[in-house]
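There are 2 protein chains.
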Amino acid sequence: MPRNAFYAQSGGVTAVINASAAGVIETARKHDDKIGKVYAGRNGIIGALTEDLIDTSQESPAAIAALRHTPSGAFGSCRYKLKGFDKNQAEYDRLIEVFKAHDIGYFFYNGGGDSADTCLKISQLGEKLGYPIQAIHVPKTVDNDLPITDTCPGFGSVAKYVAVSIREAGFDVASMAKTSTKVFIMEVMGRHAGWIAAAGGLAAEKEGDAPHIILFPEIKFDEAAFLARVDESVKKYGYCAVVASEGLHNAEGQFMSEAGTKDAFGHAQLGGLAPLLAQLVKDRLKYKYHWAVADYLQRAARHIASRTDVEQAYAVGKGAVELAVAGKSGVMATIVREAAEPYRWSVGEAPLTQVANVEKKMPPEFISADGFHITDACRAYLSPLIQGEDYPPYRNGLPQYVQLRNVAVPKKLKTAFEVK
Amino acid sequence: MPRNAFYAQSGGVTAVINASAAGVIETARKHDDKIGKVYAGRNGIIGALTEDLIDTSQESPAAIAALRHTPSGAFGSCRYKLKGFDKNQAEYDRLIEVFKAHDIGYFFYNGGGDSADTCLKISQLGEKLGYPIQAIHVPKTVDNDLPITDTCPGFGSVAKYVAVSIREAGFDVASMAKTSTKVFIMEVMGRHAGWIAAAGGLAAEKEGDAPHIILFPEIKFDEAAFLARVDESVKKYGYCAVVASEGLHNAEGQFMSEAGTKDAFGHAQLGGLAPLLAQLVKDRLKYKYHWAVADYLQRAARHIASRTDVEQAYAVGKGAVELAVAGKSGVMATIVREAAEPYRWSVGEAPLTQVANVEKKMPPEFISADGFHITDACRAYLSPLIQGEDYPPYRNGLPQYVQLRNVAVPKKLKTAFEVK
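Heads up: the sequence lines are chains A and B, in that order.
Per my numbering, residue 1 is the first one in the first sequence, and the count goes up by one each step.
Per my numbering, residue 1 is the first one in the second sequence, and the count goes up by one each step.
Warning: the hint list may mix true and false statements.
[Stated by the list, open to error] Estimated spans, in silico, between C-beta atoms of each pair:
| no. | chain 1 | residue 1 | chain 2 | residue 2 | range |
| --- | --- | --- | --- | --- | --- |
| 1 | A | Ala-377 | B | Lys-282 | 37 to 45 Å |
| 2 | A | Lys-83 | B | Tyr-343 | 33 to 41 Å |
| 3 | B | Thr-179 | A | Gln-354 | 24 to 32 Å |
[Stated by the list, open to error] Partial list, computed: chain A residues near chain B (C-beta under 10 Å):
| no. | residue |
| --- | --- |
| 4 | Leu-202 |
| 5 | Leu-227 |
| 6 | Arg-299 |
| 7 | Ser-306 |
| 8 | Arg-307 |
| 9 | Thr-308 |
| 10 | Thr-353 |
| 11 | Gln-354 |
| 12 | Asn-357 |
| 13 | Tyr-381 |
These are computed hints drawn from the structure, not numbers from a lab.
Because the structure is a prediction, the values reported are computed rather than measured.
Every residue, glycine too, gets a C-beta built ideally from N, C-alpha and C.
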């Protein structure tokens, strides 16, 4: 009797994490000699702790296939990090209790750096607590900050959204700049690494193209240099388009958006780096401005997903199951860049001991010497990741995203568990 | 010898105003027995006043065809409203001087309500100042507030962008709500009319779908009712997705987000409502929130344009030229809804005397009784406008938008004219 699999989504969701889910479930179904049912955690690992499991075998092949073009986390995700064995063994005991009750022998965890750490700990349950389980990590994060893998599924689609959006907004502002808005600021995600902001740079293919300035968390904000560059761009090209990472911080290391600044009326800023920068531009340079904060729109934008990203997201889900079937545990499926031009990639693997709690930063050589744009090396790295479109089906003018039935697996345990 | 045509883009640009330009130029080229060259105003009407004309005959057929899939204003637009004859006749005298020098007998003005008023005044130049010219208005405005025409080209694409975006963000928040963000607020354009916000309502096709709340400028903001509705939605569906019009105002009639600045037309510059509402939700309900301000991204989003909108934008450009060729003046090309289901439309005409300075408001019966959503009647009106996709071509993962050569027509006048 093959043992069942547990699959959960973790942390911030993306436009393509469900493509990974489709990869896991469809591949597991093909290996029914080795893998029984795939149970998904409702709201991620919390579903495992509370024995709130979803029976994915109740979903039709069409519904699972539709996950490939559906953004968000179809089973629910959560921000919840398991503590160490020493600090909260009760959680691990509970997981084993639930896994045992449902004969779970495979653990597929779809998340970023924190989740890789959790996945590593689960892979050690056999050794530490005597419960044998194969744990495989499925990488996902728009932040693109996991090590070893060439890229993180989810990132390529945000990258494409940001590059497309700043190109479009740039065209808009260019045509209005004579009498109206001269400076446009788009705030994007990336609290600790500038990968997403960097992707905006792909839109600038020739001299004068938007964006003219990229503000990275890796570069301390230099107000005078920024204003000088904005002014130069307006004078040279008639306008200035800026992509600003939410993680931008000042010389003291504080996030600019949390630095206790006040607006023109003395009110504390309500949050948002873009309005802050816009106000600065207006106060000092007197240019008319507009700003946008894309927020979740950028990571949910399945309508403009990168085909490469969708394919890679599916492939790491499929690859994770194949690694499990091959007897592996404590590893993450990775994207390996086989060739740069033309771009070729494959799925590889990396030990979780080398992944957990390691953050991949932007290499310094990816940021131009002046700190305001990307280099050719960065462009060569990023460009393949946004290649191709993968449009979802539409009905009535709207993308048709699937909502699963999410039928609960009958509970077998009498005990409840409170998640703190 | 056929007389030449002048074409200009006016006011805020859209994802499809260049499709109208393509309609004007391609159709004029077909009528070369009646229309000579099409000269575009660089930066709109300012180009006419300063004799800064672009010779569109220097652009290849391929470049003009590419305008159909290029957002923004290819010749530059401006926010500049001609005053009345009495108040600044010098402007009209100057226009006649420029038009005479370049033998311009047709005036195509592509804009919204303010521009319709300008176009009407131009159509009266023959009668008032003895310069015969046919002036035809080509409707354009994301605000959808022009009268008579069934819709305004530019609106359908913003509508589609907003509906798609709130659906995607809604899926995202739904999957995270258990442990993270519970309330998401997306601010959209629409200073005085809630058409754009209303379009977000199309994403809600069944009970519980996002958006759960729409905030219209037509409905005075009721803080208590809003908070109660947010709370109800979170308790019932686990989360709450809100589409808020930038034009939302309080019981005293003030814009909630008044930024203290005004644009060139004297309109208040808005922006920053979403963070304000988010702060309110946090203070009163303690829910974790996120917010987005789409700003120009929404009106520049050619990548997700409505095919219906693109076709209509082209058709009103083409129709305007056909009206001119038929000897008409002082009219606007309109979209006529011939049938509701299946939707059929044609191009009609309306006298500018009935268009200029008339603002089409949302009918009260389009807003639900509680003031927080759209009615079935509104849905029936809006739904056809977002039908169909019309993807631009891509290269290197990015949409390929055309930048014209924009070759200047040699100046014939010795005199300069200063635009104030």
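Hint by hint, here is what the structure shows:
Under the hint 37 to 45 Å, the C-beta atoms of Ala-377(A) and Lys-282(B), about 42 Å apart, fit the expected range. Checked against the hint of 33 to 41 Å, the C-beta distance between Lys-83(A) and Tyr-343(B) comes to roughly 57 Å, which is inconsistent with it. Distance hint check for Thr-179(B) and Gln-354(A): the Cβ-Cβ separation is about 28 Å, which falls inside the suggested range of 24 to 32 Å. A hinted interface residue such as Leu-202(A) counts as satisfied when its beta carbon comes closer than 10 Å to some beta carbon of chain B; here the least separation is about 7 Å, so the hint holds.
At its closest, the beta carbon of Leu-227(A) sits 19 Å from a beta carbon of chain B; the interface hint therefore is violated under the 10 Å criterion. Contact between Arg-299(A) and chain B, as hinted, is supported at the beta carbon level, the nearest pair being about 7 Å apart and thus within 10 Å. Annotation: interface hint on Ser-306(A) holds; nearest CB of chain B at approximately 7 Å, less than 10 Å. For Arg-307(A), the interface hint holds, the least distance from its beta-carbon to any beta-carbon of chain B being 9 Å, beneath 10 Å.
Because the beta carbon of Thr-308(A) sits about 8 Å from the nearest beta carbon in chain B, less than 10 Å, this interface hint is met. With a least beta-carbon distance of about 27 Å to chain B, the hint placing Thr-353(A) at the interface is violated under the 10 Å criterion. Taking 10 Å as the C-beta cut-off, the interface hint given for Gln-354(A) is violated, the closest approach to chain B being about 28 Å. Below 10 Å, beta-carbon pairs count as interface contacts, and Asn-357(A) has none with chain B, the closest being about 21 Å; its hint is therefore violated.
Hint status for Tyr-381(A): violated, given a least beta-carbon distance of 13 Å to chain B, over 10 Å.
In this structure, the earlier hints numbered 2, 5, 10, 11, 12, 13 are contradicted, and the remaining ones agree with it.
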